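Chemist: Respectively, the protein sequence lines represent chains A and B. Under the working numbering, the first residue of the first sequence carries the number 1, and numbering increases by one thereafter. Under the working numbering, the first residue of the second sequence carries the number 1001, and numbering increases by one thereafter.
Be aware that one or more of the hints could be misleading.
Stated by the list, open to error - Which residues of chain B face chain A? A few of them, derived with a C-beta cut under 8 Å, are:
| id | residue |
| --- | --- |
| 1 | ARG1003 |
| 2 | LYS1005 |
| 3 | HIS1021 |
| 4 | GLY1054 |
| 5 | ALA1064 |
| 6 | ARG1066 |
| 7 | PHE1071 |
| 8 | GLY1089 |
Keep in mind the hints are simulated off the structure, nothing from the lab. For clarity, every value in this text was computed on a predicted model and none was experimentally measured. Heads up, the beta-carbon is just placed ideally off N, CA and C, and yes, glycines get one too.
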Amino acid sequence: MKPAPFEYCRADTLDEALELMAEFGSDASALAGGMSLGPMLNMRLARPAAVIDINPVESLAGIAADGGVLETGALCRQVDALASPLIAESVPLLAEALPFVGHFQTRNRGTLGGSVCHADPSAEIPLALVALGGEVVVQRKGRARTIAADDFFDGIFATAREPDELVTALRWPRATAGTGCAFDEIAQRQGDFAIAAVAAAATVDPDGGLSAVSLGLGGIEDRPVLADLSGFVGAPATAETAAGAAALAADRADPIEDPKASAAYRRQLVRVLGARALERAFDRAGAAPC
Amino acid sequence: MLRIKPGTRHRVTVTVNGRRHGGFAEARTLLSDFLRHELKLFGTHVGCEHGVCGACTVNIDGRAVRSCLRFAVQVDGAEIGTVEGLAEGGSLSPLQEAFRRHHALQCGFCTAGILISATQFLETNPDPTEDEVRDMLSGHICRCTGYEGMVRAILDVAGGSS
Ligand code: FES
Ligand code: FES
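Next up, chain A with everything else stripped away, as it sits in the complex (with noise of 0.2 Å):
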């Protein structure tokens, strides 16, 4: 359990980085928090010719707020993100996601941008991103892209990254008044894979109905996916329209199966914590921004 040979290159800034992925493309990995990396190369499932550790490019660390949407920098810890209060304030649903992100001890190094280029298509914070419609910049020599998160994910540990991209931000759009959200999973041990995690977002007009209604599944599919409830758009923002949703959301999915779960217990997960997660979004939209 060590990794093969590689070659380690440190960025000190942007331009060294993208210079070295333009350098190694395919044959690199960035390097960041190495949470999803590290055990990669461990058990040499991962065997890149070079390894970029790209943790000195402090401008990739921040947290910064523009204009409807708050910008987290590829390296932002997890740890960072946890007790940032402008997340905490303009995106709540990250803020209620990350405590199921591995543990204390991983999230102290783990980095937002990081989980997201791993793609596991169980882990919270692609769900998180994709519930709320938020973006990935990628960059290489020369060129930045915005890429729609739902667009972004392509499958388990496959993204639309190219290999001389460098994810270097993520964008999420912040919470507005009559927005609620909520965010559960079940896994078989606290800071586990989740065998199903589920990220609700509602608008609820004053005379409480829904304007907007979405329903994020994670570790369902082969990647973090939305259901469509469009059709529940004008319904009343109660706990039988969030039983009804959730079923529906249920009913479509096509539930991956493995050692942990069957698909059926699966579905049955998304029926019930979607249906509470809808039901919390709902009191969260009427009660204050989300």
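Starting from the known structure of chain A, fit chain B with the ligands onto it as the hints suggest.
Modeler: Showing chain B with the ligands alone in chain A's frame:
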């Protein structure tokens, strides 16, 4: 920009428990192996080598982290704390004393990592709830104790109810 070719040995200097240490590491050498094999500090244990068990947890620049998920060449110049640094002048730290009092260890394989985690955890959260302690402990696997003694020991030293 620093580049270390595969197979070459690179000089790494770190401060461990207040003392400067130097050694050589390949690009792929894990910090856990560097501490044990190069610096001969065997207090830090290695269980799974993929971030799950927590046995290898050390403190790097103030944060408890997995040393099996860090390369030695990444920590050049860092301040590292390991279990060997907890007892001062031959007497156990209050947390270590509490572990002994509450029978929070049996074989002790997991203990080095847990003590490092719990020490930093209490620095950031001096008066935790039992749920918070259990959440922090979820990052460690102990095959012997059932964790109850650890929960009591940590709450005891934090001044909480036990
Ligand atoms: S040896 Fe590092 S977490 Fe298990
Ligand atoms: S005391 Fe034996 S593994 Fe924890």
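Chemist: For every hint, state whether the structure bears it out.
Modeler: Tested hints:
no., hint, verdict
1, ARG1003, "holds (5 Å)"
2, LYS1005, "holds (6 Å)"
3, HIS1021, "violated (20 Å)"
4, GLY1054, "holds (6 Å)"
5, ALA1064, "holds (5 Å)"
6, ARG1066, "holds (6 Å)"
7, PHE1071, "holds (7 Å)"
8, GLY1089, "violated (28 Å)"
Checked against the numbered hints given earlier, this structure breaks hints 3, 8; the rest are met.
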